[in-house]
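Quick note, the sequences are listed as chains A and B, same order.
So for the first sequence, our numbering puts the first residue at 1; every next one is plus one.
So for the second sequence, our numbering puts the first residue at 567; every next one is plus one.
Calculated directly from the structure, the hints in this document are not laboratory data.
Note that the structure is predicted; figures quoted are calculated from it, not measured.
Do not take every clue at face value.
[Unchecked claim] Some chain A residues near chain B, calculated using beta-carbon distances under 8 Å: (1) V118; (2) I120; (3) P123; (4) H127; (5) K183; (6) Y186; (7) K492.
[Said to hold, decoys possible] Covered stretches of chain B, as calculated for chain A (at least 3 residues, CB under 8 Å): (8) 581 to 590; (9) 680 to 687.
Backbone N, C-alpha and C fix where the C-beta goes; we use that ideal spot for every residue, glycine too.
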Amino acid sequence: MKMKGAQAFVKCLEEQGVEVIFGFPGGAVIDLYDELLRTPKLTHVLVRHEQAAVHAADAYGRVKGEVGVALVTSGPGATNTVTGIASAYCDSIPMVVFTGQVPTMLIGNDAFQEVDIVGITRPVTKHNYLVKKPEDLVPTIREAFHLARSGRPGPVLVDLPKDVIGAMINFPDPEPIRMRTYKPTYEPHPGQIEKACKTMLKAKRPVLYVGGGVINANAADSLTELAKKLDIPVTMTLMGLGGFPGTDPLSIGMLGMHGTYYANMAVANCDLLIAVGARFDDRVTGRIDAFAPHAKIIHIDIDPSSISKNVRVDIPIVSDCRHALTAINVWFDQNKEFSKKAAKEQHKAWHKQIKEWKSKHPLGYVEESGVIKPQFVVQKLHELTGGNAIITTEVGQNQMWAAQFYQFNKPRHFMTSGGLGVMGYGFPAAIGAQMAAPDQIVIDIAGDGSIQMNIQELATARQYKCPVKIAILNNNYLGMVRQWQELFYDKKYAHTTLDVAPDFVKLAEAYGAVGLRATKPSEVEPVIKEALKAKNTVMMDFVISREEGVYPMVPAGKATTEMLLV
Amino acid sequence: MKHTISVLLQNKPGVLSRVTGLFSGRGFNIDSLAVAETLEKDVSCLTLVTHGDEAIIEQITKQLHKLIDVIKVTDMAEHDHVEREMALIRVKAEAGTRAEVLRVIDIFRGKVVDVSPKSYVVEVTGSKTKLQAIIDIMRPIGIQEIVRTGGIAITRGKKF
Chain A
1 MKMKGAQAFV
11 KCLEEQGVEV
21 IFGFPGGAVI
31 DLYDELLRTP
41 KLTHVLVRHE
51 QAAVHAADAY
61 GRVKGEVGVA
71 LVTSGPGATN
81 TVTGIASAYC
91 DSIPMVVFTG
101 QVPTMLIGND
111 AFQEVDIVGI
121 TRPVTKHNYL
131 VKKPEDLVPT
141 IREAFHLARS
151 GRPGPVLVDL
161 PKDVIGAMIN
171 FPDPEPIRMR
181 TYKPTYEPHP
191 GQIEKACKTM
201 LKAKRPVLYV
211 GGGVINANAA
221 DSLTELAKKL
231 DIPVTMTLMG
241 LGGFPGTDPL
251 SIGMLGMHGT
261 YYANMAVANC
271 DLLIAVGARF
281 DDRVTGRIDA
291 FAPHAKIIHI
301 DIDPSSISKN
311 VRVDIPIVSD
321 CRHALTAINV
331 WFDQNKEFSK
341 KAAKEQHKAW
351 HKQIKEWKSK
361 HPLGYVEESG
371 VIKPQFVVQK
381 LHELTGGNAI
391 ITTEVGQNQM
401 WAAQFYQFNK
411 PRHFMTSGGL
421 GVMGYGFPAA
431 IGAQMAAPDQ
441 IVIDIAGDGS
451 IQMNIQELAT
461 ARQYKCPVKI
471 AILNNNYLGM
481 VRQWQELFYD
491 KKYAHTTLDV
501 APDFVKLAEA
511 YGAVGLRATK
521 PSEVEPVIKE
531 ALKAKNTVMM
541 DFVISREEGV
551 YPMVPAGKAT
561 TEMLLV
Chain B
567 MKHTISVLLQ
577 NKPGVLSRVT
587 GLFSGRGFNI
597 DSLAVAETLE
607 KDVSCLTLVT
617 HGDEAIIEQI
627 TKQLHKLIDV
637 IKVTDMAEHD
647 HVEREMALIR
657 VKAEAGTRAE
667 VLRVIDIFRG
677 KVVDVSPKSY
687 VVEVTGSKTK
697 LQAIIDIMRP
707 IGIQEIVRTG
717 GIAITRGKKF
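Bound conformation, chain B alone (with noise of 0.2 Å):
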């Protein structure tokens, strides 16, 4: 099952390559990986996603919050929480596709950030599922590079 999990960090020199190395030494799999500073700015957030049955997720929290870099571990699978994901999509954009572009862009709430006379670069998030959709969608018009992040997740407020 997909998990993403959401680790505080010392932000120190090497701590990333801590959490790798523990992945890739215990065999454990990263789906995506993303790193950035929080309000404390001694402190780093890292979301990654991996898969596991509960017994290998139950072992990365573990070895994860036994690394003496790492503050706090979540599993956001234990929480409400939203996820979302973003894409740079530089796609074909000529004379007869550039209105079907367009609406394919506003269907799924993206944006234009580039405009060139024959493509444009399109930004759109949400969760994996919807930026696989609209890569789907936009394949035949013709895609011509593609970046994607990794998913950052956050847990939701309390409700009362």
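Okay, chain A solo, but in the shape it has when bound (with noise of 0.2 Å):
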């Protein structure tokens, strides 16, 4: 069949089975929106940031569990969205972004608004293409999808030269994907499987370290069947919340920089660490000859560069962490050998010496009276939400209380810029959760320095009805860099104090949506529940202790067990 290039991109995109894409339309891609225009199924989201269309596309992606989409323009259009894609790379969240470009004949000559976006974006891609032929066109959306959502996920980029999408083509019919270079291993080892098994049958301190690459792969339920089998307690990464339900008596919560004083303890004591889909990253280790010291390591990770990269492993898994567990499962099912009470009765010491630590330094704040504490915001979010609502939250100490206070008991309800650590991703990030589960609460949990950074997006959530919460935890800082400062910089504040501020209330209600304030204890739960309530927008003031720090706190470069406790 014939047709235009712009055509057959959107024709690709529905056979890809997108619903909303987010992007922002310019020059370059005037085509490609002229084509949207007539493609009803298809929900276009204007943003008013290209940065914001990434965010909000990733976060789509995550709660649907697909792969996300943006579409911008040539040039500025594409820059905007490095910042995006770069957070995408290092959560390993699945993404396409497509970005116009200059005509193929104009490419190198410093066209007006060209800009070489394969090369930008080359380290901060999972892969990325330059379309130059229309015949390309097809085949090249068609693996990017492929790419995007197969092994361990990322984003991919695809760039469009104007007349490529403007030229007739033969739409070709599909076919099964077939590149000669990339092969992700989906399945275990059956021999490190056992070799696995066997470990973890004879520890007496086991703990499970489990990261994104459990919600990646849907293996929440797996690895929930594998911690309560044999009886292991579980500690997350940020990234890893929700992949182990929070408020399970086995959750020890999260551990790392800002992890909980009996995860860093556990991990340090344990005599086998089982780490699924994680990395090793530096929040989590700290220094790193003091990390886990005394314990056997088996890890699991769809992609072999992550083993052995930080930490040297014994018995390393590369495989899908769906497809490990599930055979883990199964062995420990049919060998008779193990039995559920026997493991019990080995780890009953171990999970003693947890208790111990759980209520030497248990995760707490010191409460004042008058004052708004940050982390009885969270608590309070999470009990009237009954924690099941959908968190994404901004990049400093508001990430960190949400991480700490908001016990997450599903996957894909929590959304963060991990890897990269985004300020300004939670709010556009809220604004795709919304419109990939509409009949859901959706809160962004945010800092007043964070949501300036992606303020404008308000406008887009009032213009798609996205009845978004956001719940500013406000210090009139830079919250948790003055909080280094505090710690390490002789309390010297550079540049740290917002001394201007807006009115949160009264912006808000600038663009049409909600603004409630909170500045005492008392007025804390009538807000939340006031804004649960509300159809609308709803942008929470919530003035808090200004100096409150987050706690415990490993300081950089230091041995988890070195923390800083309330």
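Join the two chains, each given in its own frame, into one complex according to the hints.
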């Protein structure tokens, strides 16, 4: 069938099951936008800044477990996507970003709004393409989606020159994608599974260390099954939150720089660390030679380059997390030497030890009368949403308080920019999440600094009737940096005081959203309740205790046992 | 430790920069680099010489594998192999030294590929140490210019 490139583009998106795309038009992509107008099945969300389109697509994909899609124009449109793409790359989020490009004959001429976006994004994409020939358009888009969603997922960028999308092409029939050089390993090696299981059988002080890979692989159920079967405590990375129920007695919360005391102690003292879909990031390990020093390490990951990158692994298992966990569960089910009761008995002393650590330094904060504590706000949000809301965060203290105090029980309910740490991620992400789950409560837990990095998206939220709730934990500081300055720079608060700040209530109202403010602890609950009731976008301004810190804290470069506590 | 890594790549635009970008981005070293077509015209072979401890070489191999356009990565250190480099050297050759220069070239089994009244251009191939040896010998005579390729390597045929 002959059709215009732009029409083939839209047809390709439909073929991939895409329902919502996030974007911003421009000269190089006018043809695509013209075509979108004729495709009522595809919803296009017009953001107010291209970075927001990418974050929204990121969260949309995460909530749905699908590939998020963003579309922008050439030049500045393309460069504005870089932060969002890099964030998705660090967090292994499946995404395809389409950028417009000047006509092929002008490429390399420094044309108006021309930029080598394939060159710029090479280190932050799983792969990227410049489509030079019209006949390559459809196969490239199909390959891009395949790459984005398979193996270790990630963002893929497709650069589309204006003449390519304007050309007439034959729309080829779909055919199975055959790539000579790309064959991710999904199935674990049975010998490695056996070795891992035998090691688990003997362990007296095991810990499961769970990362975002478990969520990407839809392996939360298999993981929970394993943890319960063997009675193993579970700690999660920031990206892994929700991979195991946070309120389950076996959960020991998040580990690492702002992890719980007991999670860090457990990892430091365990004799077996079972890493599942996690990558031993420096925020998790602290000083590397003091990380899990007594432990044998099993590492399940679909990306071989993640294994033994930072920490030497004893039993590597290259596999999809779900496939590996299923194989492990089956092994134990079929093994006559194994009994649940014996496992429980074997780990009894270990659980007792963890319980002692838990009661010695529980996760908490000091209450002060008349002052709103940010942790209290997060706890209230948890309580009043029954722990079922989709939470997005910005980056900084707000992110850590959300991670520590909103106990996530389900996967795909926590969206945060984990690896790259993007301030300005949470609000557009909340819009993306709400587009993916219109009936769920979506809350962006934000700081007064980071919310201002993409605050223009209030217009987007209003335009698409996204009843997103923003909870600003307002301390009038760039709080996390201020905390570091307090602890390590003699309280010299260099440029972390936000001396001029908008009136967030009036700002919300200016966009036609609802603005609410709480300045006393007693106002927190009514404000949240009112926000949850509203059908509109709501911005809640919680004026919190100014110099509240995030604790526990492992100072950078220290061992994870050297925590600063509340 | 020095490692020679041979990488088969899809011959597409930008592939070389994916490889070099990976090295610069992750702080790996490239001592030398050589790329050319193979028997299949859409496949290139890139030979790179790098150094690092075992963990770094493991990461280099894994990260190279991860690039979508990479077909095969071989660390030559794991195989019996032959390795060669080539140098073109323009060396001063005047009345008093012409014979001496020719003798040295002969000892190293080099070839004179250009002759002028005051210089020769010499082509030598061999291992890095052999090339270094001839350069050291020629230096006092007077090297005017030198151009070297990166190393290339091939595994030896099966002996049985």
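Here's how the hints hold up against the structure:
no., hint, result
1, V118, "7 Å, holds"
2, I120, "11 Å, violated"
3, P123, "5 Å, holds"
4, H127, "4 Å, holds"
5, K183, "11 Å, violated"
6, Y186, "16 Å, violated"
7, K492, "32 Å, violated"
8, 581 to 590, "holds (count 4)"
9, 680 to 687, "violated (count 0)"
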